[in-house]
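In order, the protein sequences belong to chains A and B.
Heads up: the first sequence at position 429 corresponds to 429 in the working numbering, and the numbers run straight through without jumps.
Heads up: the second sequence at position 103 corresponds to 103 in the working numbering, and the numbers run straight through without jumps.
Just so you know, these hints were derived from the structure itself, not from any lab.
All C-beta atoms, glycine included, are put in the ideal place defined by N, C-alpha and C.
Derived list of chain A stretches under chain B, where covered just means 3 residues or more per stretch with a C-beta under 8 Å from a C-beta of chain B:
id: 1; segment: 723 to 732
id: 2; segment: 740 to 750
Partial pick of chain B residues on the chain A-facing surface, computed with a CB cut under 8 Å:
id: 3; residue: E199
id: 4; residue: F200
id: 5; residue: E256
id: 6; residue: L283
id: 7; residue: L285
id: 8; residue: Q289
As a plain string of letters, each chain reads:
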Amino acid sequence: MRLRLTVATILLSGALGASALEIDYSAQRDPGLKACDAHLFSGNRGEAERCYGALLSSSQDARVRGEASWSLGDPQTANSYFQTAIEIYPEDAYARARWGRLYLATHQNSEAVELFQEALELQEEQVDAMLGLASVAAGQFEDRSRELVDQAIAAYPDRLDARLLKARMILEEGNLEEADAILEAALDIVERTDVVPLEFYALYAARDLLHGVTDSPWTTRALEMNPEYGEIYSVPAHFYVITRRYRQAIELYEQAVETQPNLWSAHAELGVNLLRENRMAEAQRHLQIAYRGDPFSAQIVNTLRLIDSFDNFQVIERIPAEGEEAEHPGMILRLHKDEAAVLEPYVSDLVNDAIATFSERYQFDLKEPVIVELYPEHDDFAVRTSGLPGIGLLGVAFGYLVAMDSPSGRDEGDFHWGTTLWHELAHIFTLEATDHLVPRWFSEGVSVYEEWSTGPLPGRHIPLHVLQAIDEDKLLSITELDRGFIRPTYEGQVMVSYMQAGLVCQYIADRWGQQGLVDVLNGFGEGLTTPEVLEPALGITADAFDQGFDEFLQRELGATLANLSTWQEQVGEALESLSSEDWLDAIEAADRAIANYPDHVSDNSAYLIKARAHEELQEIDLATSALEDYWRRGGYEPTALKRLATWLAEDGRTAAAVEVMTDALKVAPLDDETHIDLGGWLLAEQKPLEALREYEASLAMNPHDQAAAHYRLATAYQQLEDQARTLEHVLYALEIAPHYREAQQLLLEIAR
Amino acid sequence: MRSWLLPAAFCAGMLAAAAHAESYYVIVGGIGGQSQYEERFLAQADSLASAARRTLGDDSLVTVLSGAGATREAVTAELERLAAIANADDSVAIFLLGHGSHDGEVYKFNIPGPDIDGAAFAELLNAIPAGRQLVVNATSASGAVLETWASDNRVLITATRSGGERNATRFGDYWAEAMSSDEADANKNGAITVQEAFEFAERKVADSYEGAGNLATEHPQLVGDAAGSFNVALLEARLATTAELEVLIGELTALEEQIEILRSQREELDNEVYLGRLQDLLLELALVQREIDDIREAE
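The shape of chain B in the complex, shown without the other chains (with noise of 0.2 Å):
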């Protein structure tokens, strides 16, 4: 069996931001109007819960607001919640699947009973003083908040890029997909960044509109600097570590330093002389790592 471990570098970002920080998730899954619809919102929703769970380690800090449960009470209260208890160390994740509309000047999202609208949402937001944010607005008609949800702190994705692509989205079904997906890792370290995620969903919808012969009706959208090391989920849960393990996770980091710094020079080095320290630096770290698997393996 594959043993595991998630290297401290690669921790880092949201979910070990700092020695305290904290990170919480919510799921929204907003009113589906058909039955089709209402199966895949909840579906979605489903497994994104299940993939924060296992990402967080503690039920506590994900909440899931589904169904008849997502009314803009609860959501209201929710959002308020987080704005009470989060600091600026901490991190949050907020996750809108749905259907979405926009009249030209409106978004909502549309949940049992009244809809919450953009400006309302963009509110309750900014009131969240967590410093690093990711908003993931799965529905139709969502890239009509791009410019009035955006902030410094926080990484908006949306599924299409204007409020004029009103269609049902597929956007979250795919996201939801790339959050347990060993192909969306594409860097293979076990834990997924909101880049390799965003990435993940974004070719899926285009091929999924051009393997049917259609036109696409959505557009994916990402606005925010903090994409590519901001891991939105891990594909195994987190383990406890040991002293031992920390010396090796630190012999880790090192390498992958290394690397990094090598990487940054292809340009300048003669191609097999590259190749030739790559293939050392990457026997190394593949040692460590056999080492902290083995540990692992063994506990």
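Only chain A is shown next, with the shape it has when bound in the complex (with noise of 0.2 Å):
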């Protein structure tokens, strides 16, 4: 074991004021310090402070030192206090897991695990560090903080913060039958022992507000017993926040943060959850409180960053006029200044889409303006999604809000931007149609499915390892699905959740027709359990359902699952044919490979081998039919795509052309070459207008050939018949170029 001599400067400096409480329920805690605890904990902060400065000076004990310091804000001191504690007893192994929870109460996990482990060392079963070890895995919603705090339970029952961290940890993942026994358990250890239960009350309040009660009794008990207890309000907020109910969430930050002015936690989520209602000036006010108070959060620092770097965003608010007839309340995007000229009209042509097709869709009208954030910076993005369980790599909605990485956040291909926007947009019919109620299993469901359905990439898409999930029959029952989000037990899970979700709405609507799916969002809706909602909306028993499911999967998967192994050998064949370049080999295999898995158009997809291997051949014909195939099935790796449509455009099939590199700009949206062409072909095919779009955002990306761009211009408003415009670009052309033979050509036409 080592001493601990950098991380003690690192640890805090200058002195903090109270924040949460921390109570230790140890039956080891030195008496002095108890007899401080009781008035703290009875909100008498006064006397608390006098009781622990008098130990400060009193004591001896550089454990007790360490823990008085801690008490009264300073964790600066109370670090050395453990640091010299630890010298002189080295083998106490309770000291040093309290001092691992010192780390943990400054935001420190790792320094913090280690000194866990360090006291497990020296005591197999020492319970602080049991449970300082689960909690750091239960805040990061890992699956192995149930079986620690389990291991600490079996071995000490009586410890109620063990119970505590149980109940949480089965509230977060929605299983209210299974929390209940938990507290029950918690209440009687209350009930027979002096521990103190303000953290006991917080937690019921958070299983009643779950149950629908949110004026729970034993938010009054808390604040009889201590009338500053700010976390009786803001541990039921953080239920609220993991079921996506941000407002309320707020509401409650807002009541903590009023019962105890210096709960920073309390003042920081409250800043995180305005944001994310796009509260801008209240979210940074809090968080700025937040900061003050506690500033070693990485989450706080990081969003007051996020909110400085707005400034270099343009907000493009497109809200109907007052009066004004509209479809929908409009929408609002914010967008990095480099590249919202070129974004704007895609994503609000999207926005436009999806409102259009998911108002009609699920029988519900918007009732706010619709916010979409596009990040170049993924870090930036991130931030915004911190703390929140499950939540998806690339976008997130939290409500009207939808924050998600840019085009240019990512390598091109990456990923189909135009995809995950529509999945976001999914989420805000799901979540407002249902006042936030809607389990995490429909929302993501419903996303994926409406991706599958009615997004811009046609095909359902199933990855590889979700596809060998299914098979081995790894799937979870309809009412636990939600589990598979929050805590996951396996890598991949996650996914595989999201897959099975997106295939059990395609089950319902395959069944129950789309009706079926409005009438589960309703029960939602009405705030209907899963378990409670199947039998009204859809007429089954979870288990007849689960049954049904099982069956689906088999008629819409069964044959590509049983010719896996065989379709993965050919593959490879195809692969390896390819690169000893037999091409006749790798197309015959390619072949044999789409008749067993059509679907398949992500990685290794046997059309782009197939494509490749014709056109090596010189068979442009059948490379383009190739990826035709690809590119109908939902394929969009955008060289594949651009390649086709230049084939498709040099085969005359302009109107093809069109289609495919629209598509293309669905995933990667800055590629000047790509708007040119479109354009090009556009102007072609008679669309002037559409034809301006591509011109106008190859014009934003400031080309080098700034001439040719604006000539490009020139040509759209002409067929547009605006000779004003028309002339202006054409001049601007040759202000810049002025022997572009092709400008003066237009200028002396257009000046007859």
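Put the complex together from the two separate chains, hints included.
Structural data, given as structure tokens:
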């Protein structure tokens, strides 16, 4: 075991005011400290401070002085005392675990984990260390937290904090029945012992909230005991956040900071959630308060930085004027200044299409404008999702606000931004139609299903590892499906859960029609849980639903699953033939692979192998045909799509080329050549308005050849018979390049 | 078919600096080390040589040293030859393609056999009396020579901003592309200036890294004042002129000058007035241009 000298200097500088109560449930806690704790827990902070202060002066025990300093809001001094204490009492596992708790309270998880592990090396079942490790894992929504906490409960059945941690995890998974049983056991401990019950009250209030009881009697009890106990509101608020009811969470966090103005964690959460509601100024104010009290939280610092970075974004409002008849309440786009002009038209169109589609399909009209944020820096997007379990890697919807990576935030072709935005926009409907009561699985399921059925990318895209999970019977029952998102038990389970949810929604739509999905959605809006919603909405029990879904899966994927390993071998053969330039063999193997799994259009798609081989054989018509099949099934690798579009155009099939290139923009909208080619084909198809959009996008990208960009715009305006704009842009072109022959020709033509 | 004649005003600069001025191109393709680089450097050299021959219209003015022929002795001999034949009215353009290295002190251009170091190269360059010089060092670590090769009468371009950028560069590919690219010819006058070529290649380099989601490992640099007036390539071969064409080209030049004056007044003029006057001049210019093109077409 090593001394933590370097860490001691890292940990905290400057005094803190009080923050969340740190209740030490250990029987080993020093009696002097316990006496001070009693003042603190009853809300008598002044008396508590005097008590801790006296103890700090009088006690010779560094461990006690460390605890007293910590309680006085001086974690830096506390850290020094703990360091000294460990030098004096190197075998004291409890002291080591408490030191770990100090690190945990100051967001330094890895150091905390080290200390907990050291404590467990000294004492195999040191309960504070076990629970410390479990807390870290639970905070990161890791499955192993359950195992750790179960071990602690088995060894120390009367430790209230162990029961509370377990109950919290179970509540996070939405398993209210199991949580009730654990809370009953906790209540028994509270009633039998003299343990401080504040955290129990807070969790019970959260449990009541999840049962729809917003004025829990436990809230009153807690405030009677400690009128400054802000966590009685912030703990339940956490459950509103993870069930995506951000507006309600904000209200509770506001009550929390009103009750306890120095509850920095509540200020931080309030700020983060206000930001999710697009309430920037308030968010910034609370985050700044939180930062002043707790400058060590990465989440607070990163979120404040994100707000600062909004100066680099352009806010584009498309809100109907008052009294103006409009299809929907409009949209607000927050796009980075460098790409706003290029992306705005495509994003606006897609948002409009999605709103029209989902309003009809889910029989719900939006009440507020949709807000879309596109982040060129993935880290900025990641700040937005911090602290949320099982969130997609590409986008998130907080209700009317959608945040996602911009196409420039990832490598070209890395993700299909159009599909991601479509997915997130579907969430707005499932969340808002149910006042955010929709369970995670159904909201994700509808979004995935809509990707497949109405989204910009045709076809059902199921990753290979998900098919393998289905084949290995790893899917969850409908009533447990949320667990796969919140606390996955195997690698890749979150994605498996997404796909299962999408398939479940497809099953509902196939068997009960679109109205089945609407009925389930409405049931959730009425506050029903998953087991409760199936019978009234679909007339089926959960067990019967699971059985029907299994049969549906067999019908839909049975043949693919049966041939999965053969298909993999065939793709392998095709790739091998490709690398050895045996083009005919590659085509033959690719054809066999396609026959076995025609929907596969992602990595190593047999269609791409086949197209490449045909191209090498100079069989461009066959290569075109292979790429068309690929594209029609939802393949979107941008280079392949651009090549297909070019071949189609060269073959005189300009309309098809336009269609393909338009799809290429849904994955790679920041490629100048794509806009230029597409614009040319659109003009050839006598679609000058659409061509104009492409040429404007090209100019917005500030190309090297500005003269050509203006000339192209002039040609589009000419086809639109807008003489003034034609002249304007041809003059701009010639101003840059007076000898530009095509522009001169156009000038002479229009000036006649 | 598009007819083409480079207007006199746009021929100014390196290609027609004085009555008896001459232009010389030297292209050196260094050692690749691996076949992929050998092929790339050879292709760059070929492409540049083709553009140079098209531009100068006289193959004897273009020297290409690449592959096994690009030895220190051969490069030294060629630069010494230029030092002997060039005079102050002449122009020289030297292109170095391939790998370079820098150990923190010494830059070396990697060629078959012993390399040439930066100091030796500077000495050879400084011995050339040509009044207008262009040196494009497209090698890795080429930024190491930015200070030591810079000279009052020289435009110096390097693929990297320092000797520390040691990865193989892409700049040479895009520079070679610029020499024959309509897109690089931003003002559409049929001639590529050093400035246009540099901006084109610089942007392409940045885009290629950004498009692949990689951090750029090269940052091209340009030093020297004459890049904007230094024509480095013509997109089509030079054509002979006649007395009739000379007159028309004179008219064209006068119009270009008027356009340039008008552009300089843009901030002071009302936009509508500006565009109106611009339109009149551009129309006149287009008509003269068409006349010239028609004559050429008929030849």
